[in-house]
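**Student:** Whole structure, please, built from the sequences with the hints as guidance.
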Amino acid sequence: MGLFSFIKEAGEKLFGGKEAQAATPSAQDDLNAKAAQAIATYIAAQNLGVSNVQVAFDGAQGKVTVQGTAPTQSAKEKVTLCCGNVASVQSVDNQMAVTNPEPEAQYHDVVRGDTLSAIAKKFYGDANKYPVIFEANKPMLTHPDKIYPGQKLRIPAL
1 MGLFSFIKEA GEKLFGGKEA QAATPSAQDD LNAKAAQAIA TYIAAQNLGV SNVQVAFDGA
61 QGKVTVQGTA PTQSAKEKVT LCCGNVASVQ SVDNQMAVTN PEPEAQYHDV VRGDTLSAIA
121 KKFYGDANKY PVIFEANKPM LTHPDKIYPG QKLRIPAL
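So for the sequence shown, the UniProt record's numbering puts the first residue at 1; every next one is plus one.
Any given hint might turn out to be false.
Said to hold, decoys possible - Below are the DSS-like pairs computed for lysine-lysine, each with C-alpha atoms no more than 27 Å apart in a straight line:
#1 K138 <-> K63
#2 K13 <-> K138
#3 K146 <-> K129
#4 K63 <-> K13
#5 K138 <-> K121
#6 K146 <-> K63
#7 K13 <-> K146
#8 K138 <-> K122
#9 K34 <-> K13
Hints were generated in silico from the structure; no laboratory data involved.
**Tutor:** Here is the structure:
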């Protein structure tokens, strides 16, 4: 799956990311551990069916490394989005194993003016396919109209 890049300033505000970047080395380890725990808690709250999740955060690089086991490729990709769509996270290295492998999805970085309909039109040729994208990004998305610039979305194959 590789390393995924995200927009550092966009996303959920789960922890004080700027504190982790500016802290002394000894304090940074503690802040990184707290950030990793906040991300792990956020992943668990999404009920994706993943197990043995281990999260590490490097505040200096804005990098999350996640390990564990996902039941599907979709769940693995959603974990990547859970980690990456968090403020102060710049990249995600998802090393999770997948129990039932399937083809990887494409991704789209939301820009100002995007709608799920416009994204569906771009990827599927049909704006009415926006529910496919919405469902593929649940539970991180709670409403089809609530996407924001800088957010990364999964675009599954039809």
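**Student:** Against each hint, give a clear statement of whether it holds in the structure.
**Tutor:** Comparing the hints with the structure gives:
Our distance criterion of 27 Å between C-alpha atoms is met by K138 and K63, whose separation comes to about 23 Å. Taking the CA atoms of K13 and K138, the gap is near 18 Å; set against the 27 Å cutoff, the hint holds. With a C-alpha separation of about 17 Å, the suggested pair K146 and K129 falls inside the 27 Å cut-off, and the hint holds. Proposed proximity of K63 and K13 is supported: the alpha carbons are some 15 Å apart, at most 27 Å.
The straight-line distance between the Cα atoms of K138 and K121 is roughly 20 Å, inside the 27 Å bound, and the hint therefore holds. Note on K146 and K63: the hinted pairing holds, with a Cα-Cα distance of about 26 Å set against a maximum of 27 Å. Taken as a hint, the K13 and K146 pair is honoured in the structure, with Cα atoms around 16 Å apart against an allowance of 27 Å. The suggested pairing of K138 with K122 holds, with an alpha-carbon distance near 20 Å, which does not exceed 27 Å.
Simply put, K34 and K13 have alpha-carbon atoms about 13 Å apart, close enough for the 27 Å limit, and the pair holds.
No hint from the list above goes unmet by this structure.
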